[in-house]
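All you need for the numbering used here is the position in the sequence shown, starting with 1, plus 64.
Do not take every clue at face value.
[Claimed, not checked] The calculated label-pair distances, taken between Cβ atoms and stated as ranges, are:
{"hint": "1", "residue 1": "D116", "residue 2": "S209", "range": "18 to 24 Å"}
{"hint": "2", "residue 1": "K332", "residue 2": "S375", "range": "19 to 25 Å"}
{"hint": "3", "residue 1": "K428", "residue 2": "S351", "range": "48 to 54 Å"}
{"hint": "4", "residue 1": "A300", "residue 2": "G208", "range": "33 to 39 Å"}
{"hint": "5", "residue 1": "G208", "residue 2": "S233", "range": "22 to 28 Å"}
{"hint": "6", "residue 1": "R369", "residue 2": "T102", "range": "47 to 53 Å"}
{"hint": "7", "residue 1": "D365", "residue 2": "Q343", "range": "31 to 37 Å"}
{"hint": "8", "residue 1": "T102", "residue 2": "W290", "range": "46 to 52 Å"}
{"hint": "9", "residue 1": "D116", "residue 2": "N388", "range": "33 to 39 Å"}
{"hint": "10", "residue 1": "S223", "residue 2": "F307", "range": "39 to 45 Å"}
Just so you know, the hints here were simulated from the structure itself, not pulled from any lab data. By construction, the Cβ of each residue, glycine as well, lies at the ideal position given by its N, Cα and C atoms.
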Amino acid sequence: MGKMDKKQAVSSASDFLSNDNFVSWRLLRTEELDNYWTNFLKENPNRKPMIDEACRKFEAVRLNDINPTSEMEEELYRRIYNRINAHKQRKISPGTYWLSSAACFILIASIVFFINRNVGQRKSLQNEIVGITLPDKRVQLIAGSEVIDLESYASISISGNGETSVTDSTQHTTLLTLASHKRNKLIVPYGKRLFIKLPDGTKVWLNSGTELEFPSNFTKASRNIWVKGEIYIEVAKSNLPFFVHTEQATVRVLGTKFSINAYKDNNKELIVLVEGSVQVLKENQNSITLLPNEMATVSVDEIERTNVDASEYNSWHSGMMVFNKTPLNEVLRKIERYYNVSFERNHNMALNKKTVSGKLILSKNLDSVMASVSILSSIDYRIINNHISNFHKK
Numbered sequence: 065m066g067k068m069d070k071k072q073a074v075s076s077a078s079d080f081l082s083n084d085n086f087v088s089w090r091l092l093r094t095e096e097l098d099n100y101w102t103n104f105l106k107e108n109p110n111r112k113p114m115i116d117e118a119c120r121k122f123e124a125v126r127l128n129d130i131n132p133t134s135e136m137e138e139e140l141y142r143r144i145y146n147r148i149n150a151h152k153q154r155k156i157s158p159g160t161y162w163l164s165s166a167a168c169f170i171l172i173a174s175i176v177f178f179i180n181r182n183v184g185q186r187k188s189l190q191n192e193i194v195g196i197t198l199p200d201k202r203v204q205l206i207a208g209s210e211v212i213d214l215e216s217y218a219s220i221s222i223s224g225n226g227e228t229s230v231t232d233s234t235q236h237t238t239l240l241t242l243a244s245h246k247r248n249k250l251i252v253p254y255g256k257r258l259f260i261k262l263p264d265g266t267k268v269w270l271n272s273g274t275e276l277e278f279p280s281n282f283t284k285a286s287r288n289i290w291v292k293g294e295i296y297i298e299v300a301k302s303n304l305p306f307f308v309h310t311e312q313a314t315v316r317v318l319g320t321k322f323s324i325n326a327y328k329d330n331n332k333e334l335i336v337l338v339e340g341s342v343q344v345l346k347e348n349q350n351s352i353t354l355l356p357n358e359m360a361t362v363s364v365d366e367i368e369r370t371n372v373d374a375s376e377y378n379s380w381h382s383g384m385m386v387f388n389k390t391p392l393n394e395v396l397r398k399i400e401r402y403y404n405v406s407f408e409r410n411h412n413m414a415l416n417k418k419t420v421s422g423k424l425i426l427s428k429n430l431d432s433v434m435a436s437v438s439i440l441s442s443i444d445y446r447i448i449n450n451h452i453s454n455f456h457k458k
């Protein structure tokens, strides 16, 4: 993605954080870039709040409690220099050169990420990870017997009378009418994301690999939705209680912001509160009430409450991932879901002992993200014919 066209669909700060031109501006701050974005704001004053938010998020990205030695800094600089020079520069205006998307994100990742390396015997990681990019699938809306294919990153809005508008990335809007007394289902495959505004004004961001069931209209007694996968939700305030149902639990709220991670391949479900309060209910278990920056971990036998940094669990909806001593295997699992790729990993390898701390701005380009992981973890990779392979110690 290069220059941002004023007609291009932009719905949040994360759209700017995914734009190479914007990233280059925040990194390089050249006169040409300053002029471009000054003119862009003059022509698009309605986008200033989103640009301001994107700038704040970009500037807020810092190394987390890391004090690298001079040797570490020198090694990091060497890797950045070698990586950037490995990519061709593309001239787009007199006197101005732009780093490629991968090079830009390599530089960002080097600033915002750091791998906590274990001290001790270092083992070879030759060929310990092999992956493949999986077949692309469409986002689907199932309404009764009708199956509607949707564009990834589309925005859906449902009015109180069941009328539904679907806006794609070109800002083209299609109107649909959903049956008023039937439950609808959204299926978001791996590698896709979606936003939906429910009839009561509640906003839901669906992450990759998520299914959401919802009615065209809520009843007069309560508001109910059903989730498999991961969502971030901002529940509209109302006297009617709002219930989010997963396979293992039910979350009851009146108006608040929180995230749910309830993927089928996880043994536990995570409910993390950002704002307000929620009640977590489970059959044959005592309910618990969460306060901001608290997490409920729901398993087959129990509900456990812990204190957390909520941003580590819901920042994906803003276009970044936040890690705090996160095992590299878990980082790779998040990348698998987000970009629809699959890694085969040796669970006994030294990679299991590596952890990651920091923030990663998510690019729509998988190669950019993998290049960042390569720098962080001293492993290398190749993408050949959709296969990701040859991870090894540099």
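### Query
Can you name, in rising order, the numbers of the hints this structure does not satisfy?
1, 3, 4, 7, 9 and 10
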